[in-house]
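Protein chains: 6
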Amino acid sequence: MRILLINPNATVSMTEQAARSALQVVLPTTRLAVATGQGAPQSIEGFTDEAMSVPGMLAQIRSAEAQGAQATVIVCFDDPGLDAAREVAAGPVIGICQAGIQAAMILAKRFSIITTLPRSVPAIEELVQRYGAHRHCRKVRCINLPVLELEADMGNAYDLLLSEIRRARDEDGAEAVVLGCAGMSELAPALFEATGVVVIDGVIVGVKIAEALLGAGLRTSKINAYDFPRQKIESGRRGGPATNDVQTAQEVGN
Amino acid sequence: MRILLINPNATVSMTEQAARSALQVVLPTTRLAVATGQGAPQSIEGFTDEAMSVPGMLAQIRSAEAQGAQATVIVCFDDPGLDAAREVAAGPVIGICQAGIQAAMILAKRFSIITTLPRSVPAIEELVQRYGAHRHCRKVRCINLPVLELEADMGNAYDLLLSEIRRARDEDGAEAVVLGCAGMSELAPALFEATGVVVIDGVIVGVKIAEALLGAGLRTSKINAYDFPRQKIESGRRGGPATNDVQTAQEVGN
Amino acid sequence: MRILLINPNATVSMTEQAARSALQVVLPTTRLAVATGQGAPQSIEGFTDEAMSVPGMLAQIRSAEAQGAQATVIVCFDDPGLDAAREVAAGPVIGICQAGIQAAMILAKRFSIITTLPRSVPAIEELVQRYGAHRHCRKVRCINLPVLELEADMGNAYDLLLSEIRRARDEDGAEAVVLGCAGMSELAPALFEATGVVVIDGVIVGVKIAEALLGAGLRTSKINAYDFPRQKIESGRRGGPATNDVQTAQEVGN
Amino acid sequence: MRILLINPNATVSMTEQAARSALQVVLPTTRLAVATGQGAPQSIEGFTDEAMSVPGMLAQIRSAEAQGAQATVIVCFDDPGLDAAREVAAGPVIGICQAGIQAAMILAKRFSIITTLPRSVPAIEELVQRYGAHRHCRKVRCINLPVLELEADMGNAYDLLLSEIRRARDEDGAEAVVLGCAGMSELAPALFEATGVVVIDGVIVGVKIAEALLGAGLRTSKINAYDFPRQKIESGRRGGPATNDVQTAQEVGN
Amino acid sequence: MRILLINPNATVSMTEQAARSALQVVLPTTRLAVATGQGAPQSIEGFTDEAMSVPGMLAQIRSAEAQGAQATVIVCFDDPGLDAAREVAAGPVIGICQAGIQAAMILAKRFSIITTLPRSVPAIEELVQRYGAHRHCRKVRCINLPVLELEADMGNAYDLLLSEIRRARDEDGAEAVVLGCAGMSELAPALFEATGVVVIDGVIVGVKIAEALLGAGLRTSKINAYDFPRQKIESGRRGGPATNDVQTAQEVGN
Amino acid sequence: MRILLINPNATVSMTEQAARSALQVVLPTTRLAVATGQGAPQSIEGFTDEAMSVPGMLAQIRSAEAQGAQATVIVCFDDPGLDAAREVAAGPVIGICQAGIQAAMILAKRFSIITTLPRSVPAIEELVQRYGAHRHCRKVRCINLPVLELEADMGNAYDLLLSEIRRARDEDGAEAVVLGCAGMSELAPALFEATGVVVIDGVIVGVKIAEALLGAGLRTSKINAYDFPRQKIESGRRGGPATNDVQTAQEVGN
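Residue numbers (UniProt numbering), protein chains in the order written: chain C, 1 to 254; chain F, 1 to 254; chain P, 1 to 254; chain Y, 1 to 254; chain B, 1 to 254; chain R, 1 to 254.
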């Protein structure tokens, strides 16, 4: 089968790390197509970064499906544009945050998530709630390291994650930990070795769940919420030049 | 005070309707700047439409603030890009869905929401949950009419809304109704007259809440989640040409 | 417009502080009527204090509306008698706890509340849940100071609030703080200056939301839950002297 | 043991019905003191009726405890003033709504509640949530009959309840039903006979739970939330005549 | 009345302790039948221990009812097999965890639970959620002592519980504590004396609630979820020797 | 890899159907071991059936792992003994209800579940809540057919499911449906063809998720909740013959 692994940000080395992780676990019959965000932010560290990365990502998903991709894995832990991607794609679309959380709910009663920056914590907490895991997720923690610095010094990232995982185990009662950034992917095995805590990398789990759903013959429902985007009547018929857009703001009031 | 009223979609007539509604209620001292989505979809009817409208909207908000806008009201009931807008803006940013729901929670114990298409129902249900109103919102209903058709024949829209509001009152026990599309704004007063059900239009409430927060001297917290987007190290230093993006997908596997 | 600012407790100086705060933000066209609880407790520090303050408050609201008040703001953070007030009043009724929480949900992703005494914490936690903010409110904290002592020494209250706000920011990840007592109202601006944490005073926000709802032409729904109290058949027709009330308890059992 | 059965409303015949029900189930060693609301509304049909009944009820509970009452059962399904009563009382205080719901959660997986008027439905739904039963309570239904009419024609009430219980069983999948008004108390046995649905009367269950908690040697915690009301510094020291109460409203603004 | 007190584990001394506690509070008219798990684990310390104890317990409940037991109390804090027991029994079945939690919700606003081992914490947290108490239960704590060691040295258990109760009061704001193991039953009075925190023992409360429900004439609903187990068509008609059970696993695949 | 497919009930033909479904989707490298409940009920239709099937199932899982099974799939939609199985097994354990629900949360925004008997509805609703899907699962429906009858006449079952799926789509707004019984497994493809609603069979998804987790190198966390069952001190040291079990109930009381 043919799976698209798409990194919504513009940092090629992060795409490459995700691809390396995925290649270690994909089936021999799986052909992987990898993509990096075009004109997207260098990293996704907030809602604006997410928003700026999505339109390009949607175009890349459409193009990948046109070239035969049967499923898509978005390798950013904020699951940016996940709902929109499920609209534009015919095949299943996996977000690594949702995938990691689902695996954690099978493998442990209580888990914690460890991400990069404090500002990402509330965003991930909202995903935890949307995915129905707020009773199982003890805490969303962070190592207070920007994504690009994390990736630039994996040794440092490893040390910070190691102590944070121990804190999650001892303070939260976490039985498993989900790594909250695609850039941490290759650190998972060593962290499990060192702590005995099951360490879940959403990239690896995401790719395997994509294979599982394809293998089960399942695809995104096209009834209602995830139906393909609606065609609009052609733009010409209405509106015309937006003469009152803010650049030339028509001011009102007395 | 100076408030930006931004319609994320590209349909100027919808912007104009929202502006007419707002002008009926703003303070004499309020100066309104209105904006219409540039290169955005003609209407927001799904997650992809939302995603495509946000980057342009964020640029317009930045530009409006540069020209003196102190608060922003996003006049689309899906509250597209609300979190991102709160990051880029210094002033408070109001989504008409959140504003309408907050007013409903003050004015009634139980309310329903009436939107346009069935596909928008789950998206709005998620907003209801994010805004903490799932115990107060009885049901998210729809009149099964595309946004542009709604706007093209307001008489028909009125009739459909009238019977749906009565259904909400009789079947849901709704004491109030929130109109689930900016395109319904001007119908609110007549619908209240005809039914006795308090009919809340998010556009009007949103503008008044923007005035209220400015009048209270409040603005978006720039600590953590809504801090301004992080500057990245300049793009040149890393990555280089994305040779392995999907157009020229580097295929792997055997 | 004409707004009633009612302090359910009997302490005039608290009413005066609330009025001073409100006067700094109301519109020039707003006429403020202020009222202090008659025969009510000196402060509201528990469920009994609340209960004892409500009947008198309801009478004052009725009387204020008879004299032209169009909206009511109850300036006690427990929102005592809020539902009952919405029944007796024709205009919108705002509780400062609900108002402060709604503002916090617009201005920040995560906030904490800081009140006076530990015994008020569970009561406010229940309000947080009723208003649907339990996912956004990190913690309800207190400075362990009785209401009247707080008001008697504002310098001391300021110091205690200052360190508690810093704790909320550092330990809870609070991006904003809602002051959990009307008696803290005038401290809000200085606390924001000193901490950079958005500090929300429910008195100020409550008055502005009252103006906003009136400006939007909205009022409390009189369908179902908040309908005016039902008239009873006249008392004479049934019962007669309550000969078996507890003072002369008719004892039974063998 | 000595238990106070207090009806917060002023209708003696309702107190008598509750007492008759209780007398059928109390232990031989239980001495029952019964009380009827003094100067309270004839019935509790909304938040204002609740508020008006509580201060008098609290005084009666204090007086009953002074005369030896060890536990209190409030026989109104809105559980008016329950938290305040737990503050003023040393012994356990039972609300018949909470008692009925707790019994239902032991005896069935899913139940419905049937009350009198539609306006009481949202109020009871909030109690269901506060008592943590919203996942177990399928629906709060009503027979659309005022409390006093219900009591005036028990035959009619029986017929309406009978068909509503059948609807709850068939439409809600209710395995048990809780009667949502003290005035329905004596109908419970016949309704169970006629339907096979377990019909729970909060009056009977409430009295038995009061006996159970006393028998277990338990009483209300006086730590924090339910501690006795705080003594205030004597009123004279502050405030003085409320010259600016609303009757003589000091008007402000320009 | 006749009540079965069943200890699902095989440790007779724990049954005896529970019986002693119960005997101190049962009515003179209550006849207690006590049972100890046959071939069950020595203690219930996890999901497997629970599972292994249930089939035998169900048989004992059936047999006890055949001999006249009218209600059953399961004296293990994990409430093992509670739903199944409610199916097989005609009378009400009480779990001491649910009973303790219900009492705590009447006697306090906020409580904590203290159990034996860390591994039991998530299991009890799930019960707290199923019983609708997650908003009232501050924390599930443990003293990190296996059940049998607890019982072997009650003095040590007392000391550990004493300091944990103080921690619950000071750190959690717990107003009451529920003892999370039947083996702690006899320590409750002394712990209350020493701390002033209301200490609830589920064994005592469970027996009294069983008496209360019987006294109220209530029993388990036999409609739907708790109906008696369905009779199956006789086994002979289908299946035959399970030749493909795993001992002789029929292997498949290529 | 080697996966155990275990049917907890005693009906071999149901095991065979599950095996046929699984064989259509497993990887060529997957070796399937299948097991049928020994001395278990013919079908699982309630909490007692579940309880009676678990101890035998746990023994079979242990034995299968001893023979090399690396993961286990429990093919009964009540997920009986899932937590206990995760304790005794070293490899991951999948319940088909949790697996089906997780797939539905990826492939649709809103889904419904269709099971066999009404009595199973509340049990499955509780699983939906435990798995965090109560906001995504619109309704748990049933076709009111006992498991064995369903399996004896698959044509009839197909017709009933077909109309129930259409009802779920039209009345619930379900975008996908999860089949709520392993005995429905082979009907999934035809039901999707006939309705266009994505029909999810937990057996197929469960096996694929088991393969995915093994492929990802993940296993159940042995920290805390799912650690292997604790060894008890040998039984001899305490208790002795349970002379006071209920058969020879030591009666107490006066």
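Note that these hints are calculated values from the structure, not bench results.
Hints are not guaranteed to be accurate.
Just so you know, same-sequence chains aren't split out, so a pair can sit in one copy or run between any two.
[Stated by the list, open to error] Below, in silico cross-link-like pairs of lysine to any residue (SDA-like), each with a Cα-Cα straight-line distance of 20 Å or less:
#: 1; residue 1: LYS232; residue 2: ARG167
#: 2; residue 1: LYS232; residue 2: THR29
#: 3; residue 1: LYS222; residue 2: GLU65
#: 4; residue 1: LYS232; residue 2: TYR158
#: 5; residue 1: LYS232; residue 2: GLU149
#: 6; residue 1: LYS139; residue 2: LEU27
#: 7; residue 1: LYS232; residue 2: ARG20
#: 8; residue 1: LYS232; residue 2: PRO118
#: 9; residue 1: LYS139; residue 2: ASP172
#: 10; residue 1: LYS139; residue 2: LEU162
#: 11; residue 1: LYS222; residue 2: ARG169
#: 12; residue 1: LYS232; residue 2: ALA59
#: 13; residue 1: LYS139; residue 2: LYS232
#: 14; residue 1: LYS139; residue 2: GLU16
#: 15; residue 1: LYS139; residue 2: LEU160
#: 16; residue 1: LYS222; residue 2: ALA66
#: 17; residue 1: LYS139; residue 2: GLU126
#: 18; residue 1: LYS139; residue 2: SER163
#: 19; residue 1: LYS222; residue 2: ARG138
#: 20; residue 1: LYS222; residue 2: GLU171
#: 21; residue 1: LYS139; residue 2: GLY196
#: 22; residue 1: LYS139; residue 2: GLY68
#: 23; residue 1: LYS139; residue 2: PHE228
#: 24; residue 1: LYS222; residue 2: ALA194
#: 25; residue 1: LYS232; residue 2: VAL12
#: 26; residue 1: LYS222; residue 2: GLU16
#: 27; residue 1: LYS222; residue 2: ARG62
#: 28; residue 1: LYS139; residue 2: GLU171
#: 29; residue 1: LYS139; residue 2: THR195
#: 30; residue 1: LYS232; residue 2: MET154
Evaluated hints:
Taking the closest pair of Cα atoms, LYS232 and ARG167 never come within 20 Å of each other, the shortest separation being 52 Å inside a single copy and 30 Å across copies. For the identical chains of this complex, LYS232 and THR29 are neighbours neither inside a copy (39 Å) nor across copies (38 Å), given an alpha-carbon limit of 20 Å. Proximity of LYS222 to GLU65 under the C-alpha cut-off of 20 Å is restricted to the intra-copy arrangement: shortest distance 16 Å within a copy versus 40 Å between copies. For a Cα distance limit of 20 Å, the shortest separation of LYS232 from TYR158 qualifies neither inside one copy, at 49 Å, nor across copies, at 22 Å.
Taking the shortest alpha-carbon separations for LYS232 and GLU149, only the inter-copy value of 11 Å comes in at or below 20 Å, while the best intra-copy value is 43 Å. Taking the closest pair of Cα atoms, LYS139 and LEU27 never come within 20 Å of each other, the shortest separation being 33 Å inside a single copy and 36 Å across copies. With identical chains, the CA atoms of LYS232 and ARG20 are never at most 20 Å apart, being 41 Å at best within one copy and 25 Å at best between copies. Taking the shortest alpha-carbon separations for LYS232 and PRO118, only the inter-copy value of 16 Å comes in at or below 20 Å, while the best intra-copy value is 40 Å.
Within a single copy, LYS139 and ASP172 get their C-alpha atoms as close as 7 Å, and across copies as close as 12 Å, so both meet the 20 Å cut-off. Taking the closest pair of Cα atoms, LYS139 and LEU162 come within 20 Å of each other only inside a single copy of the chain (16 Å); across copies the shortest separation is 27 Å, beyond that limit. Proximity of LYS222 to ARG169 under the C-alpha cut-off of 20 Å is restricted to the inter-copy arrangement: shortest distance 12 Å between copies versus 41 Å within a copy. Taking the shortest Cα distances, LYS232 and ALA59 sit within 20 Å of each other inside one copy (18 Å), while across copies they are farther apart (24 Å).
Taking the shortest Cα distances, LYS139 and LYS232 never come within 20 Å of each other, neither inside one copy (43 Å) nor across copies (27 Å). In this homomeric assembly, LYS139 and GLU16 never come within 20 Å of each other (Cα to Cα): the closest approach is 29 Å inside a single copy and 41 Å across copies. Taking CA atoms no more than 20 Å apart as the test, LYS139 paired with LEU160 passes inside one copy only; the shortest distance there is 17 Å, against 27 Å between copies. For a Cα distance limit of 20 Å, the shortest separation of LYS222 from ALA66 inside one copy, 18 Å, qualifies, whereas the shortest one across copies, 42 Å, does not.
In this assembly of identical chains, the alpha carbons of LYS139 and GLU126 lie at most 20 Å apart whether taken from the same copy (12 Å) or from different copies (17 Å). Only within a single protomer do LYS139 and SER163 lie at most 20 Å apart by alpha-carbon distance; the minimum there is 15 Å, versus 25 Å between protomers. Taking CA atoms no more than 20 Å apart as the test, LYS222 paired with ARG138 passes between copies only; the shortest distance there is 17 Å, against 34 Å inside one copy. In the homo-oligomer, the alpha carbons of LYS222 and GLU171 lie at most 20 Å apart only across protomers (17 Å), although the nearest pairing inside one protomer, at 43 Å, exceeds that limit.
With identical chains, the CA atoms of LYS139 and GLY196 are at most 20 Å apart within one copy only, with a shortest distance of 19 Å there and 26 Å across copies. Proximity of LYS139 to GLY68 under the C-alpha cut-off of 20 Å is found in neither arrangement, the shortest distances being 39 Å within a copy and 36 Å between copies. Taking identical chains as interchangeable, the C-alpha atoms of LYS139 and PHE228 are never at most 20 Å apart, the minima being 36 Å within one chain and 25 Å between chains. For the homomeric pair LYS222 and ALA194, the shortest alpha-carbon distance between copies (15 Å) is at most 20 Å, but the shortest distance inside one copy (44 Å) is not.
In this assembly of identical chains, LYS232 and VAL12 lie within 20 Å of each other by CA distance solely across copies; the values are 15 Å between and 35 Å within a copy. For a Cα distance limit of 20 Å, the shortest separation of LYS222 from GLU16 qualifies neither inside one copy, at 32 Å, nor across copies, at 32 Å. When the C-alpha separation of LYS222 and ARG62 is checked against a cutoff of 20 Å, the pair qualifies only within one copy, where the shortest distance is 16 Å, while the shortest distance between copies is 36 Å. Taking identical chains as interchangeable, the C-alpha atoms of LYS139 and GLU171 lie at most 20 Å apart whether they share a chain (10 Å) or sit on different chains (13 Å).
When the C-alpha separation of LYS139 and THR195 is checked against a cutoff of 20 Å, the pair qualifies only within one copy, where the shortest distance is 18 Å, while the shortest distance between copies is 26 Å. In this assembly of identical chains, the alpha carbons of LYS232 and MET154 lie at most 20 Å apart only when taken from different copies (19 Å versus 47 Å within one copy).
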